[in-house]
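Generate coordinates for the entire structure from the input sequences, incorporating the hints supplied.
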Amino acid sequence: MPENHRANADADGVITLQNALKVSRPELGNQAPVALFRLVRLVALEAIVGRGASGTFYVAGKKLGESLGLSKVDEFLAICDQLSIGKIEVHQQDARHLHIDVRECVTCSGMSPVGRPLCHFEGGLIAGALKGILGQEARAREVSCIGGLGDGACGFDIDLG
Amino acid sequence: MHQAPAQRHWLAGQLDELDALARDRDHRAREASQGHGDEAVARTARDEFLRAIDRFVTAVSQREHVLACVVGHEGLVLATGGDLADAETLAAVSQVWLASAQTGAEQVKLGPLTQMVVIGAAFKVALFQAGGMSIAILAPTGADLASSLAGP
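Top line first, the protein sequences correspond to chains L and C. According to my numbering, the first sequence is numbered sequentially starting from 1. According to my numbering, the second sequence is numbered sequentially starting from 1001.
Honestly, the hints are just simulated from the structure, not real lab data. The beta carbon of each residue, even a glycine, is placed where N, CA and C say it ideally should be. Check before you lean on any hint, since a few could be wrong.
Dumping the calculated EDC-like pairs for lysine to aspartate or glutamate here, alpha-carbon to alpha-carbon at most 16 Å [what the hints assert, rightly or not]:
| # | chain 1 | residue 1 | chain 2 | residue 2 |
| --- | --- | --- | --- | --- |
| 1 | C | K1124 | C | E1064 |
| 2 | L | K131 | L | E27 |
| 3 | L | K131 | L | D151 |
| 4 | L | K131 | C | D1086 |
| 5 | L | K87 | L | D101 |
| 6 | L | K63 | C | D1086 |
Not close to chain C: a few residues of chain L, all C-beta gaps over 10 Å, as computed [what the hints assert, rightly or not]:
| # | residue |
| --- | --- |
| 7 | L42 |
| 8 | V59 |
| 9 | E75 |
Have a look at this one:
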């Protein structure tokens, strides 16, 4: 590896969020098809890790959400908008419960239903971001799913505290 | 000579009960989805199954030496009992451990995996499978968990 690239690499081979988000593609730009994301997220990873990996995806998303270091819910919504994760609607039910709907979900919107929820990574991401922002434990449970169950939105019940 | 009936292992009995309830839930759900059964009956069977899981984790976590009990499906938490800060990670890791061990068990022809124990320097986790769920029981490494879960 050239010396100037090595100097910018993460220690011990760990890929940090900041490093992963550096994009340099002068001709192709920083956009890629949703199809590519889904092939990796839904097809390739599940082929390797297996059907029982929902919890692993959830925990991975949660750790990522926490690591974003956000301080306001609006910042999280801005990131979701910037990355075209989906159209997010937050419904506050009471002090300890939220419901979040994701429409046009990047992971599954448009798919034929497969009979099970699919967006556990996204649920973890939401829970992790909220945990970081609110400074209290947050757990997400996917209760509806566009591509998984044929619903109108991917919906997550959030328990806080 | 008359012999007293052998005492049923407490945890084995609990796991058998969960297994039976899971089979009933699946059967009722299948019947309802195929139009042969009542949707309300399927819902009742599912609710009874979930209540049984809640009773199970509470009962297990109250046994001597047990710190916590987590029941998961596909690595996601269904119910927790006891004192554990990060049940979500334990549920996810338990699923990975069991899936990995199952693969190895098949290769050396052990038969279907029924239980395994992962022992750390401070704590250990006993893992079981029942009704399509993973069950993780956390205890201090030196605890005699087998005895704690055996008696009535």
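* Take a quick look at whether K131 (chain L) and E27 (chain L) sit within 16 Å of each other, Cα to Cα. => 38 Å, violated
* **Pair hint K131 (chain L) and D151 (chain L), alpha-carbon separation not exceeding 16 Å** => The hint is violated at about 27 Å.
* Take the C-alpha atoms of K131 (chain L) and D1086 (chain C), compute the straight-line distance between them, and say whether it is at most 16 Å. => Given pair K131 (chain L), D1086 (chain C) holds - Cα atoms ~13 Å apart, limit 16 Å.
* Least C-beta distance from E75 (chain L) to chain C larger than 10 Å -> 23 Å, holds
* Could you grab the alpha-carbon distance between K1124 (chain C) and E1064 (chain C) and see if it respects the 16 Å cut-off? => 14 Å, holds
* Asked: Does K63 (chain L) pair with D1086 (chain C) here, judged by a C-alpha cut-off of 16 Å?
  -> Status holds; Cα separation ~12 Å.
* Status of L42 (chain L), Cβ more than 10 Å from any chain C Cβ -> 15 Å, holds
* Status of the stated non-contact between V59 (chain L) and chain C (beta carbon gap over 10 Å) -> 5 Å, violated
* With a cut-off of 16 Å on the C-alpha distance, tell me whether K87 (chain L) and D101 (chain L) pass. => 8 Å, holds
This entry does not satisfy hints 2, 3 and 8, going by the numbered hints stated previously.
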